[in-house]
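Got chain P sorted already, so can you dock chain F onto it with the hints?
2 protein chains.
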Amino acid sequence: MAKVLTSRSENYSQWYNDLVMKADLAENSAVRGCMIIKPYGYAIWENMQAELDKMFKDTGHQNAYFPLLIPKSFLSKEADHVEGFAKECAVVTHYRLKNDPNGRGVVVDPDARLEEELIIRPTSETIIWNTYRNWIQSYRDLPILCNQWANVMRWEMRTRLFLRTAEFLWQEGHTAHATKEEALQETEQMINVYGDFAENFMAVPVLKGHKTESERFAGALDTYCIEALMQDGKALQAGTSHFLGQNFAKAFDVKFANKEGKEDYVWATSWGVSTRLMGALIMAHSDDNGLVLPPKLAPIQVVIVPIYRKAEELEKIAAKIDPIVAKLKSMGISVKFDDSDNRKPGWKFAEYELKGVPVRLAIGNRDLENGTIELARRDTLSKETLPIDGIEEVIEKLLEEIQANIFQKALDFRAEKTTKVDSYDEFKELLETKTGFFLAHWDGTAETEEQIKNETKATIRCIPFDAEEEEGVCMLTGKPSKRRVVFAKAY
Amino acid sequence: MAKVLTSRSENYSQWYNDLVMKADLAENSAVRGCMIIKPYGYAIWENMQAELDKMFKDTGHQNAYFPLLIPKSFLSKEADHVEGFAKECAVVTHYRLKNDPNGRGVVVDPDARLEEELIIRPTSETIIWNTYRNWIQSYRDLPILCNQWANVMRWEMRTRLFLRTAEFLWQEGHTAHATKEEALQETEQMINVYGDFAENFMAVPVLKGHKTESERFAGALDTYCIEALMQDGKALQAGTSHFLGQNFAKAFDVKFANKEGKEDYVWATSWGVSTRLMGALIMAHSDDNGLVLPPKLAPIQVVIVPIYRKAEELEKIAAKIDPIVAKLKSMGISVKFDDSDNRKPGWKFAEYELKGVPVRLAIGNRDLENGTIELARRDTLSKETLPIDGIEEVIEKLLEEIQANIFQKALDFRAEKTTKVDSYDEFKELLETKTGFFLAHWDGTAETEEQIKNETKATIRCIPFDAEEEEGVCMLTGKPSKRRVVFAKAY
Numbered sequence: 093m094a095k096v097l098t099s100r101s102e103n104y105s106q107w108y109n110d111l112v113m114k115a116d117l118a119e120n121s122a123v124r125g126c127m128i129i130k131p132y133g134y135a136i137w138e139n140m141q142a143e144l145d146k147m148f149k150d151t152g153h154q155n156a157y158f159p160l161l162i163p164k165s166f167l168s169k170e171a172d173h174v175e176g177f178a179k180e181c182a183v184v185t186h187y188r189l190k191n192d193p194n195g196r197g198v199v200v201d202p203d204a205r206l207e208e209e210l211i212i213r214p215t216s217e218t219i220i221w222n223t224y225r226n227w228i229q230s231y232r233d234l235p236i237l238c239n240q241w242a243n244v245m246r247w248e249m250r251t252r253l254f255l256r257t258a259e260f261l262w263q264e265g266h267t268a269h270a271t272k273e274e275a276l277q278e279t280e281q282m283i284n285v286y287g288d289f290a291e292n293f294m295a296v297p298v299l300k301g302h303k304t305e306s307e308r309f310a311g312a313l314d315t316y317c318i319e320a321l322m323q324d325g326k327a328l329q330a331g332t333s334h335f336l337g338q339n340f341a342k343a344f345d346v347k348f349a350n351k352e353g354k355e356d357y358v359w360a361t362s363w364g365v366s367t368r369l370m371g372a373l374i375m376a377h378s379d380d381n382g383l384v385l386p387p388k389l390a391p392i393q394v395v396i397v398p399i400y401r402k403a404e405e406l407e408k409i410a411a412k413i414d415p416i417v418a419k420l421k422s423m424g425i426s427v428k429f430d431d432s433d434n435r436k437p438g439w440k441f442a443e444y445e446l447k448g449v450p451v452r453l454a455i456g457n458r459d460l461e462n463g464t465i466e467l468a469r470r471d472t473l474s475k476e477t478l479p480i481d482g483i484e485e486v487i488e489k490l491l492e493e494i495q496a497n498i499f500q501k502a503l504d505f506r507a508e509k510t511t512k513v514d515s516y517d518e519f520k521e522l523l524e525t526k527t528g529f530f531l532a533h534w535d536g537t538a539e540t541e542e543q544i545k546n547e548t549k550a551t552i553r554c555i556p557f558d559a560e561e562e563e564g565v566c567m568l569t570g571k572p573s574k575r576r577v578v579f580a581k582a583y
Numbered sequence: 093m094a095k096v097l098t099s100r101s102e103n104y105s106q107w108y109n110d111l112v113m114k115a116d117l118a119e120n121s122a123v124r125g126c127m128i129i130k131p132y133g134y135a136i137w138e139n140m141q142a143e144l145d146k147m148f149k150d151t152g153h154q155n156a157y158f159p160l161l162i163p164k165s166f167l168s169k170e171a172d173h174v175e176g177f178a179k180e181c182a183v184v185t186h187y188r189l190k191n192d193p194n195g196r197g198v199v200v201d202p203d204a205r206l207e208e209e210l211i212i213r214p215t216s217e218t219i220i221w222n223t224y225r226n227w228i229q230s231y232r233d234l235p236i237l238c239n240q241w242a243n244v245m246r247w248e249m250r251t252r253l254f255l256r257t258a259e260f261l262w263q264e265g266h267t268a269h270a271t272k273e274e275a276l277q278e279t280e281q282m283i284n285v286y287g288d289f290a291e292n293f294m295a296v297p298v299l300k301g302h303k304t305e306s307e308r309f310a311g312a313l314d315t316y317c318i319e320a321l322m323q324d325g326k327a328l329q330a331g332t333s334h335f336l337g338q339n340f341a342k343a344f345d346v347k348f349a350n351k352e353g354k355e356d357y358v359w360a361t362s363w364g365v366s367t368r369l370m371g372a373l374i375m376a377h378s379d380d381n382g383l384v385l386p387p388k389l390a391p392i393q394v395v396i397v398p399i400y401r402k403a404e405e406l407e408k409i410a411a412k413i414d415p416i417v418a419k420l421k422s423m424g425i426s427v428k429f430d431d432s433d434n435r436k437p438g439w440k441f442a443e444y445e446l447k448g449v450p451v452r453l454a455i456g457n458r459d460l461e462n463g464t465i466e467l468a469r470r471d472t473l474s475k476e477t478l479p480i481d482g483i484e485e486v487i488e489k490l491l492e493e494i495q496a497n498i499f500q501k502a503l504d505f506r507a508e509k510t511t512k513v514d515s516y517d518e519f520k521e522l523l524e525t526k527t528g529f530f531l532a533h534w535d536g537t538a539e540t541e542e543q544i545k546n547e548t549k550a551t552i553r554c555i556p557f558d559a560e561e562e563e564g565v566c567m568l569t570g571k572p573s574k575r576r577v578v579f580a581k582a583y
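Here the protein sequences come in this chain order: P and F. First residue of the first sequence? That's 93 in this note's numbering, and the numbers climb one at a time after it. First residue of the second sequence? That's 93 in this note's numbering, and the numbers climb one at a time after it.
Excised from the complex, chain P in its bound form (with noise of 0.2 Å):
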């Protein structure tokens, strides 16, 4: 069978695309830098919302919804939010089309003009702020944990499905504490939950740490971060977490009057996670057959594929297999049986390689004879030939066996391309010919930061958590540190 995806070491960011495409996770649209994202895609997706909704329902968080759109003023109010956000948006300055008058279709009619333009939300700080000013006026009005799923807009120029598009779908939690105190716990909260996902469900080993300053988030007064290393030893950031202080309730001027009765401005977070997580989750863990889905997350975690000739063979093979599939519908497992008559056995094998799906079953005459199924593991592309009876008890420790060694795998990749550097010059030689993580010594400037990334294209991931107390010296000025920061390209 021909191989449909370009290989990984061949191009790597042609097998992504590639792969994107084939397994119909999504495609490119008419128009520029927006996605579709396809039914089976979407499927992964929505395993990934009910997951981070249970996890944010079960730390007292509720969804709202709030405007798509944005006031053009506002984003003016927080001076390096709009630093950040005002520049790439899409801009509504009308809100009626009309026939042209010279038959060609609809144009838009310049009558109707909007007073003010209107942003289509690139994030909803401002507005969600401009709101919680009334909904807010004394301690007993605390602490307000909101989150939004929703979709924004940031006008990318290069843009990659699911890495980079313009329109991406995402969640943005919003919450109003009484202490800076509260607001911190809660930021760090946060990205713990986003820690706990990325390695329970999606199997992928995540640092935690600070953001540098530089890289915060625009109108934050720190950002947390979780980031995660691709099979290219790249680094994607795939969550953040931000304090923001006081900025946005000043800038809303959002107060309340506290337990002894003294105003004081509100203290405030966001964090969000978005459908790049569905490239981190591709990029982490796949091969050159497909997609390698961590079975938490996989739309179809069994398929099950007869091998006939006959329509009686395929009739004894059902009979066979129906209670089999009952059984791991009612222990929670979702199975497919393909007994579609249009595509022969090989073209399955391939397809559901190709789509990830964790365990792969196929029965045929003499398996029926002799009482045994064939059990194929996407992961580790094994076979094996099994007892049919208590298939499903050794399915069951199977797919949690599949997911650990998924994340495993991914833990050894992560330890084998961390390295410690001491020296610029090897630090440089090592961005390009290994790759991966690197820890080495900062002197703590934005100056020296920028250097770096101008000269390398790498950049400080993360200031981590549980950086060690070291002393050492600035990799490239020499100057003191206390504490080695993990650089990375990243996408």
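No lab work stands behind these hints: they were computed from the structure. Keep in mind that the hints are not guaranteed to be accurate.
Since the list gives no way to pick one copy over another, a pair counts as held whenever it fits inside one copy or between any two copies.
Straight-line distance between alpha carbons at most 30 Å, and here's what the computed DSS-like set of lysine-lysine pairs gives [said to hold, decoys possible]: (1) K549 x K190; (2) K190 x K114; (3) K421 x K326; (4) K149 x K489.
Showing chain F alone in chain P's frame:
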């Protein structure tokens, strides 16, 4: 306690607005016509979404996501569609802001003008059928059964929370079929899904039928609808399912090779319900004390309010209540034990009444001694004192009873407000005095429909599927008619 709501008899419209605001369902935003759905309102919408999504998946549909923005030229491709949707819509003309040279915030960058303007989707037939062209080659690619949950925008001049807003949330199903019969079957299946949902979950009885030609979706050959009756005697269209024939396939050149190898255009349907359902839910059941929610959609089904003075009393009550809460949760019943100490029980009673919680329990010292608990029903406002032992089973049965009772009440109301009329004078009079649904003969012409609408503001809500064959004459023109249609004033 002062009434927080205007009464329905005093001013129905004001009552509705009061209720939506005071029960924390939604509020207006800083952007004209765009609402903020508050956490409590959104929780109801999430319950609706969950049930509908399950029903869609049970009937073989998959979710996907298509772009927010639509190229202006797409709207012109289907002649009827452009007339219906191109007129009042939000138009994106630029993709960048820049700092105001005069130092006053940001302004639109005139250099960042789009070559072709983009429209925020008012509905997605055009962008979806433009996509389906690439997905469909042969009958093997059919049917395509996609749904998307999304925000859409129609620039309404007069807006009302949930009922008519510029931006609203909805789902839109878009299916593609090889045959006309299959597409018609799908159109019917989905209006039945909506009808089942309205009646079995929202407890709102609905009429199912065809829209007249002039009320059809722009681009459809037939539109099926469900129509509900509100307490003020006005109708509300709660969901529609459209048979689109081959109109969009022709407009976007979507052909397939059938089993015989002959090319044909693909057959289409689309169907949707929106946050407008929230308006229907609110107006169908609620009273002058607040919301009345059907248990199947209530975010909190049972609230328990402790009556106590001292901390020790609360402790004793909590010790009795905690296992009841645990048991109710294990039975799948959502329950809140409101032991907050910053509000008095009377305030809590009024608050949960306002928010429509179906069952309220109250328990104090005396109850503890007697082994009793006070139970109040939101739908009937009746109270009784019951033994606390076995209260969980009582509640489980009661929730079913309340669900059934709310539906029956709405059904009785509709029966009472449904009138057969044969004379136009009588029709005009009863439309003012009695209101509701009117079953009348109509000659089948758009002119008569239009004249009646202009003279009375009543419209034909639907031609019911189950309308009996009956010889009659049009109440306006006296021309012959074969069946009665349903007239009403409508939202």
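| task | Go through the numbered hints given earlier and state which of them the structure violates, listing their numbers in rising order. | result | 2, 3
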